[in-house]
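**Q** If you're matching them up, the sequences are chains F and G in order.
Here the first sequence stands for residues 1 to 161, where the numbers follow the numbering used here.
Here the second sequence stands for residues 162 to 491, where the numbers follow the numbering used here.
The calculated lysine-lysine pairs, modelled on DSS-like cross-linking and capped at a C-alpha distance of 25 Å, are:
id	chain 1	residue 1	chain 2	residue 2
1	G	392	F	153
2	F	147	G	392
3	G	392	F	76
To give a feel for the contact side, a few chain F residues facing chain G, derived at Cβ under 10 Å:
id	residue
4	56
5	107
6	136
Calculated directly from the structure, the hints in this document are not laboratory data.
The beta-carbon is built from N, C-alpha and C at its ideal position, and this holds for glycine as well.
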Amino acid sequence: MISKDRNTRCKSKDKNILIAVDGSDNANRAVLYVGDFLGGLPGFCVTLLNIISEPPADYFSGKNERDKWVEEQGEKAEKMMEGYRDILIRAGFTEDSISAVSALQDCPSIAECILGHLRELNSSTVVVGRRGITRKEEFLFGSTSSKILHEAKDCSVWVIK
Amino acid sequence: MPENKAPDYVMNFSDEQLKEMIAECVGAERVPKQISIYTDTSDFYRIDYDDVVVLDGRPYLIRNNEREGRFGIEEQQKYWVKRARDLTDGSTKILKLTFLERFEANVGGLSFECFRSPRKEARILELVRGDSNFMQGHSVTDSAGNIIRILDFIRGRTFADFILELGDSHEDYFHRNLPAVLDEFIELVKAIQFLHSHGEKHGDIRRDHIIKEKQTGKSAWIDFDFNYLHKENMFGYDLFGLGNILVYLTGRGDVTIQNLKEKDPMVFGRLFQDDMNIIFNNRVVNLQKVFPYIPDALNLVLLHFSVGANVYYEDTVQFLSDLQESRDKM
Numbered sequence: 001m002i003s004k005d006r007n008t009r010c011k012s013k014d015k016n017i018l019i020a021v022d023g024s025d026n027a028n029r030a031v032l033y034v035g036d037f038l039g040g041l042p043g044f045c046v047t048l049l050n051i052i053s054e055p056p057a058d059y060f061s062g063k064n065e066r067d068k069w070v071e072e073q074g075e076k077a078e079k080m081m082e083g084y085r086d087i088l089i090r091a092g093f094t095e096d097s098i099s100a101v102s103a104l105q106d107c108p109s110i111a112e113c114i115l116g117h118l119r120e121l122n123s124s125t126v127v128v129g130r131r132g133i134t135r136k137e138e139f140l141f142g143s144t145s146s147k148i149l150h151e152a153k154d155c156s157v158w159v160i161k
Numbered sequence: 162m163p164e165n166k167a168p169d170y171v172m173n174f175s176d177e178q179l180k181e182m183i184a185e186c187v188g189a190e191r192v193p194k195q196i197s198i199y200t201d202t203s204d205f206y207r208i209d210y211d212d213v214v215v216l217d218g219r220p221y222l223i224r225n226n227e228r229e230g231r232f233g234i235e236e237q238q239k240y241w242v243k244r245a246r247d248l249t250d251g252s253t254k255i256l257k258l259t260f261l262e263r264f265e266a267n268v269g270g271l272s273f274e275c276f277r278s279p280r281k282e283a284r285i286l287e288l289v290r291g292d293s294n295f296m297q298g299h300s301v302t303d304s305a306g307n308i309i310r311i312l313d314f315i316r317g318r319t320f321a322d323f324i325l326e327l328g329d330s331h332e333d334y335f336h337r338n339l340p341a342v343l344d345e346f347i348e349l350v351k352a353i354q355f356l357h358s359h360g361e362k363h364g365d366i367r368r369d370h371i372i373k374e375k376q377t378g379k380s381a382w383i384d385f386d387f388n389y390l391h392k393e394n395m396f397g398y399d400l401f402g403l404g405n406i407l408v409y410l411t412g413r414g415d416v417t418i419q420n421l422k423e424k425d426p427m428v429f430g431r432l433f434q435d436d437m438n439i440i441f442n443n444r445v446v447n448l449q450k451v452f453p454y455i456p457d458a459l460n461l462v463l464l465h466f467s468v469g470a471n472v473y474y475e476d477t478v479q480f481l482s483d484l485q486e487s488r489d490k491m
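When you get a sec, could you build the whole thing from the sequences and use the hints?
**A** The following block contains the structure:
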């Protein structure tokens with residue numbers, strides 16, 4: 001885990017919204033959408049979740065290279081989360097209703113990692129951006145938003161295009 | 162003697178001893194006058210024919226560099242892959258020396274990051290020890306800490322080349338040979354499923370990475386040192402490779418629109434974009450249109466790899482289940 005800034009203020013599971021972000025344009029759209037849709041409404045909280053999928057140990061030539069990579073990812077994540085936080089605050093969320101989690105983990109499937117955090121974070125809604133990948137890409141690489149749609153249980157899924 | 166003189170702890174052989182061993186192995190007339198001995202293989206370009214590499218106390222006489230060609234590209238020398246003779250028992254081995262590389266692979270216009278990992282291959286060799294569906298060998302470290310894989314040499318040719326000679330015609334091949342070919346392929350897919358179930362990718366599944374051993378006729382996967390940074394589906398690229406091989410085996414070679422246009426314009430006229438390979442758009446996947454005796458069940462498996470597919474296989478278990486079912490119906 002790189003950083004964990006968890007919100008403990010949100011009492012209602014139904015009003016705790018998890019947004020999965022990765023710095024892409026589609027993640028940006030997802031944050032903007034939640035801001036526009038729920039900003040200023042009382043009782044809602046947002047958890048920004050950034051999964052940093054760690055490459056296999058074989059990828060790195062040694063510990064130093066891995067440590068450098070982790071540090072860079074951490075810095076990038078921190079900056080990215082600050083940007084998203086600003087968007088939500090401008091949209092009417094209070095500072096203490098936003099929390100951010102950056103998780104560095106080995107993820108055979110990013111969708112499964114996101115859903116794992118969703119259960120752990122006591123949230124009933126997950127919001128993801130949709131990249132609009134081609135069929136070729138979906139075939140070869142898979143689609144995180146499609147997998148979340150198929151695998152999610154006992155929660156709502158918002159896919160923002 | 163080369164600059165990287167072997168440290169005493171592994172240098173158990175005098176030049177005279179080595180010359181005797183070489184004579185026994187390849188004949189007295191082929192013993193080199195001077196022997197260069199290496200225990201550090203970092204600079205693998207320098208290690209050449211007739212040199213001796215000592216690994217884990219065993220001397221290996223280096224023969225040629227292995228070569229690899231791909232899709233019409235002329236074969237290239239792989240300087241880090243040496244054919245060698247184990248001087249203690251005369252057996253032929255492949256020494257894969259450490260060569261680290263990272264590169265952006267481009268498949269059908271999609272790019273992703275690939276890298277070569279000796280550690281991964283060493284791990285898989287350990288995992289599949291004794292499994293005849295995989296090449297066999299073990300790993301050691303040289304005096305510089307490089308991971309070297311010492312592989313049993315498989316005498317034979319690729320499974321892909323082997324099937325090209327089966328049958329008098331495709332129809333003859335389909336009825337007489339394909340069932341057995343599919344049985345063999347199913348065993349190989351099970352082997353890949355075994356890797357996946359242990360969290361390992363093969364990394365470079367392609368038809369020339371299955372070698373059919375000449376004497377036993379047994380086919381085995383080779384070359385596990387490639388890896389790729391996966392996105393959502395960890396095994397998507399491996400599955401793509403399996404699909405390509407299945408299409409190739411079913412068609413007894415690649416069936417391309419270029420060939421059909423020339424040799425069978427009627428069939429060519431019946432093909433649509435949806436019938437083609439989702440990545441390699443010139444290869445026909447809907448082979449039933451070309452060979453009408455291909456049963457629906459098998460053709461449906463093939464269509465998962467076509468442009469027109471609505472669903473894709475997410476894992477080897479699904480693929481294997483459908484493949485087995487289609488084979489049972491043949």
